[in-house]
Amino acid sequence: MAEQKSQPKLQQAPTGLALIFYKWKVSLKTPTPYLMAFGIALWIGTYYLLVEGWKLPRFNKLPGPVEVITEWLSRDPDWGISLYTPEYYDHIIVSCRRILIAFTIATGLGVPLGLFMGWSKTFRDYAFPLLETLRPIPILAWVPLAILMFSGLETPVIYLATLASLFVTILNTLLGVDSIDESYFRAANCLGSKPRHVFWHVVVPGSLPFVFTGLQISIGVAWFSLVAAEMVSGQFGLGYMIVDSYMNITYVTMVIGMLTLGFVGWISSVLVRMVGNRMMQWRVRAMALEGR
Amino acid sequence: MADIATKGAISIRNVTKIYDPEGVNVMAVDNCSLEIAAGEVCMIVGPSGCGKTTLLNAIAGFHSITEGEILLDGELLCGPAKPLSEQGADRVVVFQNGALFPWKTLIDNVAYGPIVQGVMGKSEARDKAAGLLAEAGLGDVGKKFPGEISSGMARRAEIVRALINNPKVLLLDEPYRAMDSLTKSIMHEALLEVYDRTKVTIFFITHDLEEAIFLGDRVVVMTTRPAKTKKIVEVNIPRPRDYKTLSSEEFRLLVEETKDAVHEEAIKAFEAGERELA
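Protein chains in written order, with my numbering: chain A, 1 to 292; chain B, 293 to 570.
Source of the hints: derived by calculation from the structure; they are not laboratory data.
Each residue gets a CB set at the ideal place from its N, CA and C atoms; glycine is no exception.
Among the clues, some could well be false.
Every beta carbon over 12 Å from chain A, so not counted as near; a handful from chain B, in silico [stated by the list, open to error]:
# : residue
1 : L392
2 : N528
3 : E541
4 : R544
In silico BS3-like pairs for lysine-lysine, Cα to Cα no more than 30 Å straight-line [said to hold, decoys possible]:
#  : chain 1 : residue 1 : chain 2 : residue 2
5  : B       : K491      : B       : K536
6  : B       : K420      : A       : K194
7  : B       : K396      : B       : K522
8  : B       : K520      : B       : K476
9  : B       : K522      : B       : K374
10 : A       : K194      : B       : K522
11 : A       : K25       : B       : K476
12 : B       : K520      : A       : K194
13 : A       : K194      : B       : K476
Distance ranges between label pairs, derived from CB positions [to be verified]:
#  : chain 1 : residue 1 : chain 2 : residue 2 : range
14 : A       : T30       : B       : V318      : 15 to 25 Å
15 : B       : K420      : A       : R278      : 42 to 52 Å
16 : A       : L289      : B       : G413      : 51 to 61 Å
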């Protein structure tokens, strides 16, 4: 009995913030964060050496990292835009708002359309050829049409971003339904399901891993096409900021815009991934057991 | 569950199944007849690809049949006028690779049948599911997802998910195929325990002859494709059986007898395979 008492007790699994802290602590013991930091340092170092250190031809016209960071953090920026100017945030907010609207519409339409196309062969037969014809048209080719179709400056931009992510979302959701093992459908049927049960209990949850992979790609594509659209038609937004600074030869601001875009895009991707993990606990837990 | 023993008699009468992929007729089952009594454990063995699963799929309603008829307790499941039987919770399948929904906890998996059939409310079904899982020794893992438990546990949970529906027939398609022999023997005892309690008719496909004789009342040896019944081995070893049965003389003789029949078909299947490749 004494021996049994001395055995260590199984700890209660951490949850919430404690879990995040625990994961963070564990990850510090792996090479991952150090490699990430090294990767970024290597990139900045190379950038610095090429542009500001060695001033190689072709690179010497670009703003270097020191110049960009000094401007970015300056309370009184030489070229008008930094972390301390409200205009900077106006551009970010405008772009984020457009992405939010476009991504919401694309997801709200794309996921149900993809699910139905995957679930109903008849519906797929109608809709798939159309999808496959429209999908390869580059988003920039839609720009004139978008300007013709929609009045104002805002709607065409949102329309273009929506369209690009819609196709990605539909296709990935459709593939997600296709990826579900036939035995789950059979199991559901022999347990007495009606078609609507199969839809809600097999089709929807079974396709989620693909849906969320699709949504991560789709939000990236939304940023991509948003910036393209803002460059062509727009008065605000990060895309506009980049092209406007290029026109005005304020290259430092242009690079600030690009880096901001990268950062905001990355955050939006992380948010989508977090929602996905929240909705697919079954997958997260199974993968954790496999050490992934 | 006591009334189940009187239900679940399957009559397979002159069933033929011809597949037609890419315009080439392939006969999977040829004029196969088999009577399975209510409450019987009927083990089906035969070479790979001989059409055993085709027969199971026809009973379950996953595939149609080309000729013949299948009856459950005298009622037609499928026949000439209705080649595909309706899928229903009176014949629940336990699949070769497991088909617990990975996105549902074990409790929700088990509670699924009664909820979608509308026989129980959600909380009632969950309570019952938790109770049945506990009876099967899975009480601690009821709130876990299938990806978090061992394959042995998952298979037991899958059988619980079938049994909560009070099925007339359990259709098992090589459920213990990928398991090591130690886990397998535990699974066998668990299944026998379930059977002794419920007396549900079991249609069990396997490649493992010892498994077939240890679990079955009868072992049906199928011919190589197209499948017909080649030999039926009556297993008269009294129940309840346990692992000691495996070392009895009677058991050994039955394995020998079955092995001879299966071996002959395995050679034919191998030669046919060689011919197809040549």
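Quick rundown of the hints versus the structure:
{"no.": "1", "hint": "L392", "verdict": "violated, 8 Å"}
{"no.": "2", "hint": "N528", "verdict": "holds, 32 Å"}
{"no.": "3", "hint": "E541", "verdict": "holds, 40 Å"}
{"no.": "4", "hint": "R544", "verdict": "holds, 36 Å"}
{"no.": "5", "hint": "K491/B / K536/B", "verdict": "holds, 22 Å"}
{"no.": "6", "hint": "K420/B / K194/A", "verdict": "holds, 22 Å"}
{"no.": "7", "hint": "K396/B / K522/B", "verdict": "violated, 42 Å"}
{"no.": "8", "hint": "K520/B / K476/B", "verdict": "holds, 28 Å"}
{"no.": "9", "hint": "K522/B / K374/B", "verdict": "holds, 27 Å"}
{"no.": "10", "hint": "K194/A / K522/B", "verdict": "violated, 39 Å"}
{"no.": "11", "hint": "K25/A / K476/B", "verdict": "violated, 40 Å"}
{"no.": "12", "hint": "K520/B / K194/A", "verdict": "violated, 34 Å"}
{"no.": "13", "hint": "K194/A / K476/B", "verdict": "violated, 34 Å"}
{"no.": "14", "hint": "T30/A / V318/B: 15 to 25 Å", "verdict": "violated, 53 Å"}
{"no.": "15", "hint": "K420/B / R278/A: 42 to 52 Å", "verdict": "violated, 29 Å"}
{"no.": "16", "hint": "L289/A / G413/B: 51 to 61 Å", "verdict": "violated, 33 Å"}
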